[in-house]
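Peer 1: Here's the letter readout for the chains.
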Amino acid sequence: GQQLNQSPQSMFIQEGEDVSMNCTSSSIFNTWLWYKQDPGEGPVLLIALYKAGELTSNGRLTAQFGITRKDSFLNISASIPSDVGIYFCAGQGSSNTGKLIFGQGTTLQVKP
Amino acid sequence: GAVVSQHPSRVICKSGTSVKIECRSLDFQATTMFWYRQFPKQSLMLMATSNEGSKATYEQGVEKDKFLINHASLTLSTLTVTSAHPEDSSFYICSARDTLGYTDTQYFGPGTRLTVL
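So the protein sequences, as listed, match chains A and B. Position one of the first sequence corresponds to residue 1 (this note's numbering), numbered consecutively onward. Position one of the second sequence corresponds to residue 1 (this note's numbering), numbered consecutively onward.
Because the hints were derived from the structure by calculation, they are not lab data. Computed from a prediction, not measured in an experiment: that's the story for all the values here. We put the CB at the ideal spot given by N, CA and C, even for glycine. One or more of the hints may lead you astray.
[Unchecked claim] Each pair of labels, with its calculated beta carbon distance range:
1. A:P112 with B:K66: 27 to 33 Å
2. B:D27 with A:Y50: 36 to 42 Å
3. B:S9 with A:K51: 42 to 48 Å
4. B:S18 with A:R60: 24 to 30 Å
5. A:S57 with B:T82: 42 to 48 Å
6. A:S27 with B:D65: 29 to 35 Å
7. A:S57 with B:K66: 32 to 38 Å
8. B:K55 with A:D38: 29 to 35 Å
9. A:A78 with B:Q42: 26 to 32 Å
10. B:K41 with A:K51: 49 to 55 Å
Please take these sequences and the hints and turn them into a complete structure.
Peer 2: Structure (structure tokens):
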């Protein structure tokens with residue numbers, strides 16, 4: 001079945017630094033979604049990507065849908081302490097079920 | 001973005017009892033909702049797909065008689081954990097599918113922490 005590899009697994013950075021994380025898939029996705037999850041909360045949608053090559057920004061966040069449709073990255077610029085959390089990528093395949101395949105998550109820690 | 005609520009946010013129950021969790025899409029209609037389970041430090045594991053007006057579709061290894069799902073309206077799906085046992089203790093999260101226009105996005109509820117004593 002479809003699998004997503006998300007990296008890095010964790011990051012510990014200094015406040016103000018830029019962050020980059022990515023996901024790769026063994027098969028093609030039609031939609032890529034990036035979520036952030038705080039402890040004890042549900043995932044919150046950050047960016048949704050629907051077209052190959054699409055580059056979308058949301059404040060300090062930028063994400064791209066890879067041309068091959070098998071990968072996506074998320075960048076966070078000028079990190080701040082509230083960026084701490086777990087970031088998940090999720091991909092949706094060609095079936096119309098709406099099911100998402102999730103990456104393993106990237107845990108981000110920001111040192112003030 | 002769209003808002004999805006879950007109730008209760010946390011519940012503690014005795015072994016053998018049943019627990020019902022509600023998932024509501026507050027500002028959009030969702031013909032499809034999903035139920036996930038998440039263990040500490042792990043990603044989300046899809047349990048089942050809840051379709052309005054029809055039977056839920058369960059993922060492999062998820063007992064349908066254990067985890068009863070009802071999607072009676074376009075804004076409400078419920079998950080009932082029947083005869084709960086300590087191994088059912090987990091963080092349960094629902095999501096609602098929004099397919100308005102050309103988008104196809106899932107919005108998640110805040111989750112329900114279930115503890116079975």
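Peer 1: Does each hint hold? Answer for all of them.
Peer 2: Evaluation of the provided hints:
no. : hint                          : verdict
1   : A:P112 with B:K66: 27 to 33 Å : violated, 45 Å
2   : B:D27 with A:Y50: 36 to 42 Å  : violated, 21 Å
3   : B:S9 with A:K51: 42 to 48 Å   : violated, 36 Å
4   : B:S18 with A:R60: 24 to 30 Å  : violated, 45 Å
5   : A:S57 with B:T82: 42 to 48 Å  : holds, 46 Å
6   : A:S27 with B:D65: 29 to 35 Å  : holds, 33 Å
7   : A:S57 with B:K66: 32 to 38 Å  : violated, 43 Å
8   : B:K55 with A:D38: 29 to 35 Å  : holds, 34 Å
9   : A:A78 with B:Q42: 26 to 32 Å  : holds, 30 Å
10  : B:K41 with A:K51: 49 to 55 Å  : violated, 33 Å
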